[in-house]
Amino acid sequence: MNVSIEVELFGQRMKNPTMLASGILGTTADLLLSAVKGGAGAVVTKSIGKKPRDGHANPTVFEYNCGMLNALGLPNPGIDHFEKELSKLKGKEIFFIGSVFGSDGSEFSELAVRMERAGASAVELNLSCPHAKGLGAEIGSDPESVEIITQAVASSVEIPVIAKLTPNTSDIVALGKAAERGGADAVVAINTLKAMAIEPYLRKPALGNVIGGLSGQAVKPVGLRCVYELYEALDIPIIGAGGIESGIDAVEYLMAGASAVQVGTAIRGKGMAIFAEICAEIEDFMRSEGYKEVGDLRGLAHD
Amino acid sequence: MNVSIEVELFGQRMKNPTMLASGILGTTADLLLSAVKGGAGAVVTKSIGKKPRDGHANPTVFEYNCGMLNALGLPNPGIDHFEKELSKLKGKEIFFIGSVFGSDGSEFSELAVRMERAGASAVELNLSCPHAKGLGAEIGSDPESVEIITQAVASSVEIPVIAKLTPNTSDIVALGKAAERGGADAVVAINTLKAMAIEPYLRKPALGNVIGGLSGQAVKPVGLRCVYELYEALDIPIIGAGGIESGIDAVEYLMAGASAVQVGTAIRGKGMAIFAEICAEIEDFMRSEGYKEVGDLRGLAHD
Amino acid sequence: MTDNPGYLVSKVLSKEEVAHRCFKIGFDSILKFQPGQFVMIWLPDIDEIPMSISHSGPDFTGITVKIVGEATEALGSVSKGDRIRVRGPYGKGFEPSGERPLLVAGGIGAAPLLPLAKQLAGRKSKIRAIIGARTQNELVLTDEFSDLGAETEISTDDGSAGFHGTAAELCRETVGKLEFDSIYCCGPEPMIVTIVEIAQRNGIWGQASVEKMMKCGIGICGSCAISDRLVCRDGPIFDLAHLDELHSMNKIF
Amino acid sequence: MTDNPGYLVSKVLSKEEVAHRCFKIGFDSILKFQPGQFVMIWLPDIDEIPMSISHSGPDFTGITVKIVGEATEALGSVSKGDRIRVRGPYGKGFEPSGERPLLVAGGIGAAPLLPLAKQLAGRKSKIRAIIGARTQNELVLTDEFSDLGAETEISTDDGSAGFHGTAAELCRETVGKLEFDSIYCCGPEPMIVTIVEIAQRNGIWGQASVEKMMKCGIGICGSCAISDRLVCRDGPIFDLAHLDELHSMNKIF
Ligand SMILES: Cc1cc2nc3c(=O)[nH]c(=O)nc-3n(C[C@H](O)[C@H](O)[C@H](O)COP(=O)(O)OP(=O)(O)OC[C@H]3O[C@@H](n4cnc5c(N)ncnc54)[C@H](O)[C@@H]3O)c2cc1C
Ligand SMILES: Cc1cc2nc3c(=O)[nH]c(=O)nc-3n(C[C@H](O)[C@H](O)[C@H](O)COP(=O)(O)OP(=O)(O)OC[C@H]3O[C@@H](n4cnc5c(N)ncnc54)[C@H](O)[C@@H]3O)c2cc1C
Ligand SMILES: Cc1cc2nc3c(=O)[nH]c(=O)nc-3n(C[C@H](O)[C@H](O)[C@H](O)COP(=O)(O)O)c2cc1C
Ligand SMILES: Cc1cc2nc3c(=O)[nH]c(=O)nc-3n(C[C@H](O)[C@H](O)[C@H](O)COP(=O)(O)O)c2cc1C
Ligand code: FES
Ligand code: FES
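Residue numbers (the working numbering), protein chains in the order written: chain L, 1 to 303; chain Z, 1001 to 1303; chain F, 2001 to 2253; chain H, 3001 to 3253.
Derived by calculation from the structure, the hints in this document are not laboratory data. Beta carbons are placed, not taken as given, at the ideal position from N, Cα and C, and that holds for glycine. A few of these clues could be false.
Pair ranges (Cβ atoms, derived) [as the list claims (entries may be wrong)]: (1) F:Trp2205 x Z:Asn1065: 48 to 56 angstroms; (2) H:Ser3014 x Z:Lys1292: 30 to 38 angstroms; (3) H:Thr3135 x Z:Lys1292: 47 to 55 angstroms; (4) L:Lys270 x F:Lys2212: 19 to 27 angstroms.
Counterexamples of contact, computed for chain H against chain L with all Cβ distances above 12 angstroms [said to hold, decoys possible]: (5) Ser3014; (6) Glu3016; (7) Phe3023; (8) Ile3046; (9) Glu3048; (10) Ala3071; (11) Ser3125; (12) Arg3128; (13) Arg3134; (14) Asp3158; (15) Ala3225; (16) Lys3251.
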């Protein structure tokens, strides 16, 4: 049986529904290209701010038997330098999404405009990093700021605007609706869960920043729930993320209501080849279950 | 080296810092006693409401490779019946905590009074079940209701009042402070994370209620973070819960700031014997690391 | 925890009406189980219910379901090729023992006893089986027991076939006449209570399969508790002596 | 992922000053590693830094640290009995090859080359080692190389011992005079650039250990990227030919 895993997201064609999640190796043009080579349908850059930023002190990661914690703290070269890096992608056929973070609407807008100019197919707003003071989830857990920032960006750029939401809230639907009101073309759920680890023999928090974000397998049930809830409430597409390691994980997200999925932590084990692997598994599933279009899977768990 | 794992919690002595978490086999007097026999320092009953309640339709649990989901939906025989059950504990030396749930302060208070009369050493308020309409986390994620309910209960009973908090919030410290203001003698963190699972081959949510609560290993990093944050902000003791399976897990919670710990999901694998096992491991740790009193571990990760 | 492969989405391979509103269903998963163990079967949008494993082959596992309500109705309505989700096996199975075992089944209680009979037959035990039901067309799996070489006697409450009376009554009579060194039973509570008493009085060791409302099936929710025992984890098979003890303490039935 | 046991809280067993502000430290964990692989060592409240494994025995693993800043200062200040947390080993190690290998170390670059020398010695290769440093008291591990039977030559930038000049210069001279079938090197970037050029010109296969700022160490953060390669995962050992390619594309150094 012939199956198609092509998707259209805000009018743009993606060869498959998988994307490189922000912050995982998306620091150089060559790495972004290697994700595409590995089979990703789209790639999201590391979240970029106005100024270069070192991020938190090491240890910045902690491996956990069912996921990992990170407290990188948004290290990035700043938009000036990153713009140059992105210029290396000019002329390549690549669906890339520029992720940006800032402390208010005007900072987000300025960065989004720069991403648009650098050729980004869309811009993703990091309203959800759980371990950076005055940034990310600290502003992203208030629906009003989500709406204001999204609106500021949406009115500054032509490219689609994606709001990346935090699960560290009692009501992710309120955040999703705020983004939709603000003019977002899609939302991503989820970013990491606020978490920490302790090294008992050294009596210390195991991350330099103490608090970090939990990702990987451990968060999949939370991510699925967020996507499911958002699908019931929103009209714009939802991009699922959180613990996706296999084609079956991806299928679950699609059935929960996702139009596309992002993969982060799982890359640690398998490298960029994981995208092709996930796509092949999605196709296998579709063939054995009799689905022709990957879009047919969307929201099936709601019936 | 002689080590002591005795703790004092709101003036009451516990032979060790481990407790049976609410909802795990705490449905009969005999099961509560078997937890004590297994080595628990205290036991918390299943959360009890005013009326008998069937809970949600099966499937009510879903096993996940790093934890589990449940959507039992607070099935319980109601306080009238449960009071009779608890009368079987009269005369036994057992530190038992009555867990209650309700929809407002007066319901909580009434139930707390009944638990006090039934001989409970303390009452635990379930302000955090993530999958029951109009109950648990739905009211427990608003600091104001947490304060009002805690206050209503605190002014109705003499026994200590423990508020069990939800991690499904952007700010657990606000909830903890509200409980403290309301007169809570301690808080428990955390209850389960709002989550779900999907069975891709049947295209259905894998829990009867669709949404359930994630517990076990997966949530340990979130639980540790909540306890750590609460310890920095509160004066009352904190009881840690979430993914504790070993003495080392317990030590991590104590170092994060917990005065005692609750064990739930891990009982599935090991039965009630897990309490003695955890206690022995805590003692081993104390001996090899040179701690005399288990209280010496409390909050060490904050230094 | 029992050694179990977790969740299996299985395809129905066969379905046969073995009595009035009672179906033997085989599905394509291979489960390592002990007679008496059960699985949890999910009927989406309806319920997830416990079912004893009643038969198996090299490439399938089977259950026998009696329709009593919504979930069993749905399970009885599956067709060949349909898929069901199964988890397990869970619980503690029977301990096969004795050279002259007596098996007593009330109604659908024959289901968990059938694989036990097979196991005992393999051990060359001389098996006697009593299969009871309310009326003739509700008799379950009688041929299967005979085929295994068990001397099979039938009882019906209404006398429409075999002994006129309950399986428990026939059991009392049979134990009075013949020698047995073990008794295994499964059926309605009153039947088990009577057999516990018969076994104790005659000094015969035995086991029964006990039913309780199950939710989790994995020993965490407490819904199936009998005193401090969990039917899903410590049972569903219990020694008759233990049930006698619980019964005399008013902790069961 | 490399086969690694995850996190180990290890006790310091030995510490020896092997050069000016440079310490050889052994700790009580046993790691299966390939020469060239590294571990991440956590100095609480300060930093977590990469360190090559420089030596090992049946019951210990060791590193050699050169104090250059806060974290190495803290690591150089541990005492016997102190505990350090180590994770790893990570990365790709050297491929031992050649009957007449040349090893070139600049400063602390001797650390990852020492276990390689041991491995090559075990293969009966005829090893020549060049150990360079800015000045005599910064020369690292020279005796250890000699003890393994390597013909060891020394260079110092200021001529305070051995050859007067850089290790790279001595390397060029040596390659001009003798035959080698492999070159391995570790040291400052300019040294590696020069050796890449020497090896390419003389058609000698070789590998270098490359340093980049490391954060995660496990190939997820991108902090150590060189083009589309990750030093922590695809390195730190790279073929000289590959470095030459990257260099000519301005993708490294
Ligand atoms: C260990 C065990 C093994 C079993 N093996 C078999 C078997 O091999 N074949 C068979 O036909 N039946 C078996 N049963 C009984 C079967 O599970 C029930 O008949 C079924 O759950 C009824 O569901 P329903 O929706 O059709 O009926 P309902 O209308 O829901 O109820 C009918 C009766 O079944 C009981 N029941 C309902 N749900 C459950 C549940 N989750 N757990 C236990 N009892 C329940 C009710 O209390 C009531 O008495 C077994 C039960 C247990 C506990
Ligand atoms: C794969 C690898 C193996 C290494 N092996 C050894 C070894 O065996 N012995 C040894 O003495 N040194 C080794 N180093 C170098 C060592 O990690 C740095 O000297 C150390 O991190 C400096 O930390 P500091 O706080 O003391 O100095 P800082 O004051 O922080 O910095 C001094 C210099 O070290 C660099 N540096 C700082 N942090 C890191 C980091 N996390 N990763 C890489 N470079 C960093 C800085 O860019 C600067 O150039 C290795 C580096 C790498 C990448
Ligand atoms: C090491 C690491 C760095 C991350 N950095 C960012 C980031 O810069 N911006 C962002 O929006 N999300 C960031 N994330 C979150 C991921 O994009 C993703 O939302 C999350 O990890 C859940 O997906 P996963 O379980 O597949 O990793 C980061 C995650 C990890 C593990
Ligand atoms: C099956 C199950 C039932 C639960 N029922 C309750 C309950 O009735 N009341 C309550 O406050 N918490 C309940 N919880 C939450 C636990 O008490 C505990 O807070 C949570 O599971 C985290 O701890 P764990 O990871 O050790 O299980 C339940 C958890 C599980 C797994
Ligand atoms: S069914 Fe839950 S404990 Fe037995
Ligand atoms: S250090 Fe993070 S990818 Fe290499």
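How the hints compare with the structure:
no.: 1; hint: F:Trp2205 x Z:Asn1065: 48 to 56 angstroms; result: 40 angstroms, violated
no.: 2; hint: H:Ser3014 x Z:Lys1292: 30 to 38 angstroms; result: 31 angstroms, holds
no.: 3; hint: H:Thr3135 x Z:Lys1292: 47 to 55 angstroms; result: 52 angstroms, holds
no.: 4; hint: L:Lys270 x F:Lys2212: 19 to 27 angstroms; result: 45 angstroms, violated
no.: 5; hint: Ser3014; result: 20 angstroms, holds
no.: 6; hint: Glu3016; result: 24 angstroms, holds
no.: 7; hint: Phe3023; result: 20 angstroms, holds
no.: 8; hint: Ile3046; result: 8 angstroms, violated
no.: 9; hint: Glu3048; result: 4 angstroms, violated
no.: 10; hint: Ala3071; result: 8 angstroms, violated
no.: 11; hint: Ser3125; result: 33 angstroms, holds
no.: 12; hint: Arg3128; result: 36 angstroms, holds
no.: 13; hint: Arg3134; result: 28 angstroms, holds
no.: 14; hint: Asp3158; result: 34 angstroms, holds
no.: 15; hint: Ala3225; result: 5 angstroms, violated
no.: 16; hint: Lys3251; result: 7 angstroms, violated
Of the numbered hints given earlier, the model fails hints 1, 4, 8, 9, 10, 15, 16; all others are met.
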